[in-house]
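Participant: Now for the letters of each chain:
There are 2 protein chains.
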Amino acid sequence: MKIICKKSDLLNRVNIALKAVSTKSTLPILECIVIEVKSNQIKLIANDMELGIETLVQGEILEEGIIALNAKIFSEIIRKLPDNDITIETDANYTAHITCEKAKFNIAGKSDEEFPTLPIIERDNFITLSQFSLKEIIRQTVFSISDNESNKIMTGELFEINQNEFKVVSLDGHRISIRKIQLKEEYNHIKVIVPGKTLNEISKILSGEIEDEVKIFFTNKHIVFEFDNTMVLSRLIEGEYYKIDQMLSSDYETKITINKKEFLSCIDRATLLIKESEKKPIIINIGDSSMELKINSTIGSMKEEIDIHKEGKDILIGFNPKFLIDALRVIDEEEVDIYLFNPKAPCFIKDKEETYIYLILPVNFNAGVN
Amino acid sequence: MKIICKKSDLLNRVNIALKAVSTKSTLPILECIVIEVKSNQIKLIANDMELGIETLVQGEILEEGIIALNAKIFSEIIRKLPDNDITIETDANYTAHITCEKAKFNIAGKSDEEFPTLPIIERDNFITLSQFSLKEIIRQTVFSISDNESNKIMTGELFEINQNEFKVVSLDGHRISIRKIQLKEEYNHIKVIVPGKTLNEISKILSGEIEDEVKIFFTNKHIVFEFDNTMVLSRLIEGEYYKIDQMLSSDYETKITINKKEFLSCIDRATLLIKESEKKPIIINIGDSSMELKINSTIGSMKEEIDIHKEGKDILIGFNPKFLIDALRVIDEEEVDIYLFNPKAPCFIKDKEETYIYLILPVNFNAGVN
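First to last, the sequence lines map onto chains A and B.
Residue 791 in the numbering used here sits at position 122 of the first sequence, and the numbers go up by one each step.
Residue 738 in the numbering used here sits at position 69 of the second sequence, and the numbers go up by one each step.
Think of the hints as simulated: they come from the structure by calculation, not from any bench.
A couple of the hints might just be wrong.
Covered stretches of chain A, as calculated for chain B (at least 3 residues, CB under 8 Å) [unchecked claim]:
1) 714-723
2) 768-781
Straight-line distance between alpha carbons at most 16 Å, and here's what the computed EDC-like set of lysine to aspartate or glutamate pairs gives [said to hold, decoys possible]:
3) A:924 x A:957
4) A:771 x B:937
5) A:773 x B:752
6) B:944 x A:745
7) A:972 x B:770
8) B:890 x B:793
9) B:771 x A:931
10) A:930 x B:752
11) B:773 x A:931
12) A:771 x B:931
13) A:771 x B:974
14) B:771 x A:937
15) A:773 x B:961
16) B:930 x A:752
17) A:890 x A:793
18) A:836 x A:974
19) B:773 x A:961
20) B:773 x A:974
21) B:771 x A:961
22) A:749 x B:937
23) A:773 x B:931
24) B:930 x A:770
25) B:773 x A:937
26) B:749 x A:937
27) B:749 x A:931
28) A:749 x B:931
29) A:773 x B:974
30) A:930 x B:770
31) A:866 x A:816
32) B:771 x A:976
33) A:771 x B:961
34) A:771 x A:754
35) B:930 x B:1002
36) B:675 x B:758
37) B:771 x A:974
38) B:972 x A:770
39) A:771 x B:752
40) A:860 x A:907
Here a beta-carbon is modelled for each residue, glycine too, at the ideal position from N, C-alpha and C.
Work out the full structure, taking the sequences as your base and the hints as a guide.
Facilitator: Here's what the structure looks like:
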């Protein structure tokens, strides 16, 4: 194998492939990136058995071939070489000779024999959307998946397509996040659970541009994202997702409208007084045209008033401040509507069209002490 | 006590005082910042027994007084308050009421009784230089102090003033760094050892501007830096500094002139192949108009040639690459001169005027294997 690539092109693609390289595996071959040169294509392949990535590199092909190189060493060498043409040549002993200007590296590679090949995917069922939309919808929901592996389904997100509506749901037992976007076309009904890890990695690779598209293919066991000469393949999580519709209610006793930034900064300040271990709730006292936030901890106390617009009853309710912060941070609107029922029922932060719904369970607190 | 300060002014000064706050001390009072309001001044004081800082805050004084507040909590509250006027008021129970717009914090403070007062310093012996020069000279030398506390003197830097020359020296047993700058005036002879920790902290506070001045006062036991309404006081390290003059030689067998950036990137690349634990030297083979760098490790091998200008003999010599990198990084010149004697004698990286001298000991290596 012998290829010549521009350093910037190669580095860009190596960084993409790195997302699917296993960092600590019992199989050393999974710590490699495979360079496959054939049929006029230079392809980098990585696979940690959960996530697989194939990405094409621009470059000149002088000889076809294939080699597996330790991803960490290979990527660091490429990163530190001068910004110029890089030649990679392999010999019969699987040694890679990497040359750039006057620098010459020799590193030991491996045959790709033991490297697990990526499954071939049927390309019937797919949707198309902008990379921007996909990246946004992941950011706006992925924070409320659970990291507790004992409940596998909660570690993933529901992707559901109904005609031209794409809905994403995540939940962790204390809260639910729901986002919906409109697609340009109508599609068959699809309902799958995608691992949160996959979504976190894919969002680092997506350009985030509105003009750039991404195709998502679905099979029974896999999901494939295809964009920018890159293919990211992931297993799906098996099982039935929670029936969330019955948890959503449009009934409420209190509705407030509040400036999001003010509310967020206020909660952010209040959390200063809470040590991780204390799990103190923030107490919200909703009155006619203002809302008082209070927190009392071993460190001190804090109190702040915020102007609101209110419909319905007064209410005194406590929340885990982190859950409010997480939801408010991913809402782009300047003003948000919050719907409440009673101090033991969840609150809903949502817009009128329900393009987003954030459900958060309240926390019990001793009203006498606070 | 009651004062009103702008958030930005207060935060800026709190960040300065934080540099002398003890993070883990058996004396909880050392984890505090003292706010002292008297004689028309608002002063923040911190003291971790090694370093003491006093800094003045702009603000309106409504009532004099003094209080000690936990530095971490106090600084975080100030940081997260809105960008507006902040009122700090204390009551007879040493509770601080911190108010900004509609936010109100109450935190428990302490009397300053147990807080160790800073010593009063004679202000006879001093020099003046720009904050830029001081910050630079620290950056250019402080990396080669030793962090081994068993040899206290090596953990500090020599500050020596001879007439209008200010010389700073640091060494760690493998290398010596020397920088000299010209002062605008002539001063008495001064020779003290300043703790490296002090210099690292002071460099974070200095503005780094050429127009901003700093005064440095010297006594037998202390050094004081005075600038921007701030005073930083530190103990000196007691003892006699090493006699370095006898280690410096102007004799050489080989002199090379090399492009600094090329040399640095090349060593940087070579170190990729070295694991921390291996302590492999980089081998430099100096020929007539080019120099070859080589490294061989368990990971692979690397070889690179760099054009040089050479006077004198060819030489094959090995170095710890980190020591070369550290020195080259703080030299601003595009080209550097390196003087060598033999493979067992130190090399000198220095300019003609000797405003900088970096001495680095070579490393033994097995020429046969490499």
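Participant: Now tell me, hint by hint, if it's right for this structure.
Facilitator: Verification of the supplied hints:
1. 714-723: violated (count 0)
2. 768-781: holds (count 7)
3. A:924 x A:957: Since the Cα atoms of residue 924 (chain A) and residue 957 (chain A) sit roughly 11 Å apart, the hinted pair holds (cutoff 16 Å).
4. A:771 x B:937: 14 Å, holds
5. A:773 x B:752: Violated, at about 55 Å.
6. B:944 x A:745: Between residue 944 (chain B) and residue 745 (chain A) the Cα gap is close to 13 Å, so the pair holds against 16 Å.
7. A:972 x B:770: Holds: residue 972 (chain A) and residue 770 (chain B) sit about 11 Å apart, inside 16 Å.
8. B:890 x B:793: The given pair, whose Cα atoms are some 14 Å apart, holds under the 16 Å limit.
9. B:771 x A:931: Holds. Residue 771 (chain B) to residue 931 (chain A) sits at ~11 Å (cutoff 16 Å).
10. A:930 x B:752: 14 Å, holds
11. B:773 x A:931: Measuring from Cα to Cα gives roughly 15 Å; hence the hint holds.
12. A:771 x B:931: With Cα atoms ~11 Å apart, residue 771 (chain A) and residue 931 (chain B) stay inside 16 Å; holds.
13. A:771 x B:974: 6 Å, holds
14. B:771 x A:937: 14 Å, holds
15. A:773 x B:961: Between residue 773 (chain A) and residue 961 (chain B) the Cα gap is close to 11 Å, so the pair holds against 16 Å.
16. B:930 x A:752: 14 Å, holds
17. A:890 x A:793: 14 Å, holds
18. A:836 x A:974: 36 Å, violated
19. B:773 x A:961: Holds, because 11 Å separates the two Cα atoms, which is no more than 16 Å.
20. B:773 x A:974: Measuring from Cα to Cα gives roughly 9 Å; hence the hint holds.
21. B:771 x A:961: Measuring from Cα to Cα gives roughly 10 Å; hence the hint holds.
22. A:749 x B:937: 8 Å, holds
23. A:773 x B:931: Holds: residue 773 (chain A) and residue 931 (chain B) sit about 15 Å apart, inside 16 Å.
24. B:930 x A:770: 15 Å, holds
25. B:773 x A:937: Holds, at about 14 Å.
26. B:749 x A:937: Roughly 8 Å between the alpha carbons, so the hint for residue 749 (chain B) and residue 937 (chain A) holds.
27. B:749 x A:931: It holds: about 12 Å lies between the C-alpha atoms, which stays within 16 Å.
28. A:749 x B:931: With a Cα-Cα distance of about 12 Å, the restraint between residue 749 (chain A) and residue 931 (chain B) holds, given a limit of 16 Å.
29. A:773 x B:974: OK: residue 773 (chain A) and residue 974 (chain B) at ~9 Å, within 16 Å.
30. A:930 x B:770: Distance ~15 Å between residue 930 (chain A) and residue 770 (chain B) Cα, so the pair holds.
31. A:866 x A:816: 10 Å, holds
32. B:771 x A:976: 10 Å, holds
33. A:771 x B:961: 10 Å, holds
34. A:771 x A:754: Status holds; Cα separation ~11 Å.
35. B:930 x B:1002: 9 Å, holds
36. B:675 x B:758: 15 Å, holds
37. B:771 x A:974: This hinted pair holds, its Cα atoms lying about 6 Å apart.
38. B:972 x A:770: Distance ~11 Å between residue 972 (chain B) and residue 770 (chain A) Cα, so the pair holds.
39. A:771 x B:752: Not satisfied, since the Cα-Cα distance of roughly 54 Å exceeds 16 Å.
40. A:860 x A:907: The given pair, whose Cα atoms are some 11 Å apart, holds under the 16 Å limit.
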